[in-house]
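Asks: Sequence:
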Amino acid sequence: MKYPTKILCDFFFGSLVSQCLNLEMIMIFSVSKYCCLTHPFMVENLVERMVKWVKVDGFIFFRESCFHRSGDSKRKYNPTHYREPRFYTKVFKECHTRDGSGNSFELSLIGCKCISAYVKNKKNQNQICWVWKKVSSYEDKGFQRFLDNVQYKSNGILRYERVFGQGYVSTGGIETTKEFVGKLDLKPGQKVLDVGCGIGGGDFYMAENFDVEVVGIDLSINMISFALERAIGLNYSVEFEVADCTTKTYPNNTFDVIYSRDTILHIQDKPALFRSFFKWLKPGGKVLISDYCKSAGTPSPEFAEYIKQRGYDLHDVKAYGQMLRDAGFDEVIAEDRSDQFNKVLRRELNAVEKDKDEFICDFSEGDYNDIVGGWKAKLIRSSSGEQRWGLFIAKKK
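Counting from 1, position 315 in the sequence shown corresponds to residue 315 in UniProt numbering; the numbering is continuous, with no gaps.
Keep in mind the hints are simulated off the structure, nothing from the lab. No false leads were slipped in.
Listed next, with one range per pair, are the computed distances between beta-carbon atoms:
(1) Gln322 - Asn253: 23 to 31 Å
(2) Lys248 - Lys356: 39 to 47 Å
(3) Lys354 - Lys282: 42 to 50 Å
(4) Lys33 - Asp362: 35 to 43 Å
(5) Gly297 - Phe41: 55 to 63 Å
(6) Asp57 - Lys279: 23 to 31 Å
(7) Gly102 - Gly374: 39 to 47 Å
(8) Asp326 - Asp357: 46 to 54 Å
(9) Gly297 - Lys33: 55 to 63 Å
(10) Ala117 - Glu229: 20 to 28 Å
Result set (DSS-like, lysine-lysine): computed pairs, CA atoms no more than 25 Å apart in a straight line:
(11) Lys133 - Lys55
(12) Lys282 - Lys397
(13) Lys270 - Lys397
(14) Lys183 - Lys343
(15) Lys282 - Lys120
(16) Lys282 - Lys187
(17) Lys378 - Lys270
(18) Lys123 - Lys187
(19) Lys378 - Lys308
(20) Lys318 - Lys183
(21) Lys178 - Lys395
(22) Lys376 - Lys308
(23) Lys356 - Lys153
(24) Lys270 - Lys308
(25) Lys397 - Lys248
(26) Lys133 - Lys90
(27) Lys356 - Lys376
(28) Lys33 - Lys120
(29) Lys123 - Lys282
(30) Lys395 - Lys191
(31) Lys187 - Lys279
(32) Lys187 - Lys395
(33) Lys191 - Lys397
(34) Lys153 - Lys93
(35) Lys282 - Lys248
(36) Lys270 - Lys318
(37) Lys270 - Lys248
(38) Lys191 - Lys123
(39) Lys282 - Lys191
Just so you know, even glycine gets a beta-carbon here, dropped at the ideal spot from N, CA and C.
Throw the hints in and build the complete structure from the sequences for me.
Replies: Given below as structure tokens:
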């Protein structure tokens, strides 16, 4: 990703601050500065100033040490404050300013990811960088805002994890992960892209058991924040990034495997995405996708309303497989796994109902009712045959 570099400023509360007051910057650049600020309000005040300094459509880039130190040498005195990445994300996301004319501005997240060199060399995910863009507050943040504020709020993610199991937010948790990953014939040193990685459970499983390098991307800031927290102390070669798979680019022939669990239902232009997958895979590489599907034909008004409310783009299993063939893939397997889906849903629902008192204690009665009601509704849609669940495996020759 290239950014304009008319003015680059690596600054702190020092001599450059006074200079910044009279400049309109295209980019503000800093490395490991905020962690030196003692109090959170100092970070908040500095962010507010930076939003004023940078031009509209200008960028703020910064890199910070989070959670714990990265170096191996011991220090008698360490003034660094190792904060969680969600703290920095929250401060920048919630910063709003106005100019002299009353126009309102905020920051839009362009990217957030682990520093790859630290992941590869130290298996350490605590070095994290962010890129933010200054925008007018009226600009639509679209789907990312929907995910983080509606479907995947932090509390909602934790509820899902309670149902699916530690580290997981997709159907079947570790059980289906083991089954599906077992079909990939992973080898040590291979590189895997997980599209819609959630909170990282599948990525940690692959890295730990097959010694592969995993890149996990997700459009939800909340998901990646949890994934980074879950990575602490695991010592796996897994890096995470907030990214939109429909606009993200990788060099051709980068990955041995592309893996995606119950995510691509959100993508409207699946053929374009599958063509990108094909380019990103090495010759001989595989793609494995599980996803929500629908039965062939016109959905009922009730199911159509559900699809619309969720913003899903669903296809029948056969049509889904054909889209992979049209993208250039060979040896396409398109399986209807709806029976398995129903069994998993019933098992998950039974576990939640059995654990009712503890679930309500940890969350709330409203949360319990939401989960139970949601699972029962899924069972009705799936048992009727309208909502289907597909497993798709394909190869690039």
